[in-house]
Every structure is written in C-alpha cells, then in structure tokens.
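Undergrad: As you go down the protein sequences, you meet chains X and A in turn. Counted from 1, the first sequence has number 127 at position 128 by numbering that gives the first Met the number 0; the numbering is strictly sequential. Counted from 1, the second sequence has number 132 at position 133 by numbering that gives the first Met the number 0; the numbering is strictly sequential.
Honestly, I wouldn't trust all of these hints.
Keeping only pairs whose Cα atoms sit at most 16 angstroms apart, straight-line, the calculated EDC-like set for lysine to aspartate or glutamate is [what the hints assert, rightly or not]: (1) A/116 with X/72; (2) X/134 with X/167; (3) X/134 with A/55; (4) A/116 with X/89; (5) X/76 with X/189; (6) X/76 with X/104; (7) A/116 with X/55; (8) X/134 with A/18; (9) X/39 with A/88; (10) X/64 with X/189; (11) A/101 with X/145; (12) A/101 with X/167; (13) X/134 with A/126; (14) A/116 with X/34; (15) X/134 with A/21.
Stretch by stretch, here's where chain A covers chain X in the computed footprint (C-beta under 8 angstroms, at least three residues) [to be verified]: (16) 42-54; (17) 67-77; (18) 83-94; (19) 103-109; (20) 148-154; (21) 157-163; (22) 177-186.
A few chain A residues that don't get close to chain X, going by computed Cβ distances all over 10 angstroms [said to hold, decoys possible]: (23) 81; (24) 101; (25) 188.
In case anyone wonders, no lab produced these hints; they're calculated from the structure. In this text, all values refer to a predicted model and were calculated from it rather than measured experimentally. Glycine included, every Cβ here is placed at the ideal spot set by N, Cα and C.
Take a look at the letters that make up each chain.
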Amino acid sequence: MSEQHAHAHGEHPSIPDAGDGMPGYYEIMETAVRELLVEKRLFSADEIRRMLEVMDSRTPALGAKVVARAWVDPNYKQRLLGDPSGAIGEMDLLGMQGQHMAVVENTPTVHNLVVCTLCSCYPWPLLGLPPRWYKSAPYRSRAIIDPRGVLKEFGVDLGSDTEVRVWDSTAEVRYLVLPERPAGTEKMNENELASLVTRDAMIGTARVAPPTGSRP
Amino acid sequence: MNGVHDMGGMHGFGPIAPEADEPVFHEIWEARMFGLSCAMTSPPGFTIDRSRYLRETMPPVAYLTWSYYEHWYFATAQSLLEAGIVTMEELRTGRAAAGRPKRNDAMRPADVDRISKAEGRYTRTIDTPPHFSAGRDRAKHESDGPYEAASLRPRQAWPGSSLARRSRFRGFERAWRRRMSAASLHRYVHGA
C-alpha cells in the first residue's frame, strides 16, 4: 500500500490521520484544558510556545557532542564515566528530564541497551524527545527479555561472546550509551566524529557506522 | 506495581516498528499537549514521579488503547482535578465556572528557560545497608529464547481481586464499548 504524501515536506508536520480536517476528540479535549488553564491564569500561550522552542533545540546532535568529546579526550571520558552529570554539565547539557545522568560504555565485549519499560523516560537534553517506537509496547515489553532479538531487528547482530546489558530508565536517572568509536576515524576531528553519532547509537539499538568511503 | 503499564517481559505486542524520518510530533495537538503539560505551573506537590504514577492509574483497557499524548492529557487533567484546580464540569465545558478561584502564579516564558535548564541530582544518603550490591548479587537466567524468560516478569497475585473490583472493571469495559469520553474516564477513575 502506498503511503506517499502528495504535498511537499516542510509544509506542515506529517499527520497520518488528519483526513477530513475535523479536529479529533482528544484535540478538542486538549484545547478545552488549555483554554481553561489560560482563563484560570495557570499559564499563558507564550509559555507553550517557549517550551516548544526549547524542545526544538534539543536534538541528538547534542548527545553526539558528548560522545565525540569522550572519544577524543581521555580525561573527559574518564570524568564522563565517573561523574556523568558533572561531565555533561561541563558542556552545559543538563536540564529538564536529564538532570541526573548515567553513561554506559560499549566495548568489544559489552553492548548496552536502554529502555523504559514503565513509560518513556529518556535523556531529553541530550537526545530530544524519544521516537515513537521507544515509547511503544513492543519495545518496552521485549527489550528486557529478548534484547538480542530486538537488536537483531535493528540490524545489530551480536555474537554470543558479547555481553548485553539492558538499562531500565527511571523518572530520575536517564541513560546515555557511549558507543564504540568506529575504525577508520583516527584522523577525524571532534566535530567530524560527532556527525557520525546517531540517536539510535546512543540508545543502544545501533552501532556507529564507519564514515562512508573509509576502508576498514 | 503490577499494572498494565509495567510492560517489561510481557508477550504478544508484536514487532517494533521504527519510522523513517519520524516527526517529533505526529499531530499538532500533541505538540500543544506536550507544551501545556511541561510549561504549566504545577499543582502543589506535583513531582515527576507523580506525573508517571497518574498515567499508571488509567484503567488497563484505556492505557492500551489511548495514544501516548492521550496519556499525557489524562495525567495532566487528572493532576488538576486531584489538586482541585479544575472541576469535572469545567473540564467538560472548557470554561472556568463563575466564582471559582483563579491563580495568578502563571509561569512566564523566562520561567520556562529556567526550569528547562534546572539541575538536580537524585542521589540520597541512606542509613540502612542495601539488600543487594552491584556486581555481587545478581539474578541469573539462562535462556534459549524469549519464551523461556517469562519468569523474569514478577507475577504477584493480582491485588484486590474481589468481586467488587471485578464488577467495577466489567463496568468500565461496558463503558469502553460505548466509546468512553475523556471526562467519563476521569469520572470512572474517581469512582463517582
């Protein structure tokens, strides 16, 4: 079945079921609560706008900066693993839903995977808001009993000699995976390295791929 | 803690479905719901744990069938109801009832910047030794596949399996089949 969009991307966010243009039931409920709270002076519309602007600025590119810094600076890496919140704070990247951080390091023999089985906890200041699959029942239910199967679905096929560690997030403590630096990147600088690091690599559902064109 | 939200280890939810080029919000109202929930002046005593707990008070059928930001709607509205800041009638009409108190401590956009950068650590000192220690105590489970690992999910007896509770649940199921409205869902949870 084709799901092609007729319109150009960027016009408006992709809305799967917008259909007839009528507001949905929950859209109406959201509007009712929002207008009610503005009327009760719990907030103003400007706050919502500001909140969304703040969240717009939170993307996986920020987490990638932390990873790249750890790859090029052994002292920083040591601080990042020993006092994650302190080291991330040095780069001014702590904040709402990512104040108390834990960083777990992938090695040739250990692969880390992050989940929130109870809901959707995720390090917002470093990765932005989580993708839908991270919040979905299939991922939340399976990541802890079949992590190797889950990883295989994401294209990460681990040998039996690699230990898998699964970290279940809490409301208070958020996890960042420090992925392995790929081979063939010895001559790359920090910014170039950061551009290789993907969101999924920092959740643990991917590895960082070597730069295109490099020969392993 | 054995509700439907506690999904780790459950079977039967099917494959994971990553989306290519996924938008941050799939519908515009989701973005507004997100902004509203994060930016409102929290009711007294409202914490991040409470925010999650409120989602967990949703009846299981609703929890599984409502979308993610519908959960957010529920938790936000529920916190306002419980704090007495809004009433069910106000929620239904979307208008403040005459004579009901207004608050004047609304956050300003600058407050949003402040709370979005707030720092906090959750480490606490305790005066009792922990039961388990990292590295030394671990539960091991050898497994050939996911089905072997079913025992990983702690299966306690479902609490409160009294006839009353079950009939209450059946009442909810009946309501759900009639297409439960958000307001009636709140009313159901409050038992009114």
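Undergrad: Run the structure past the numbered hints and jot down the numbers of the failing ones, going up.
TA: Checked against the structure, the hints that fail are numbers 1, 11, 12, 13, 14, 17, 19, 21, 22 and 24, while the rest are satisfied.
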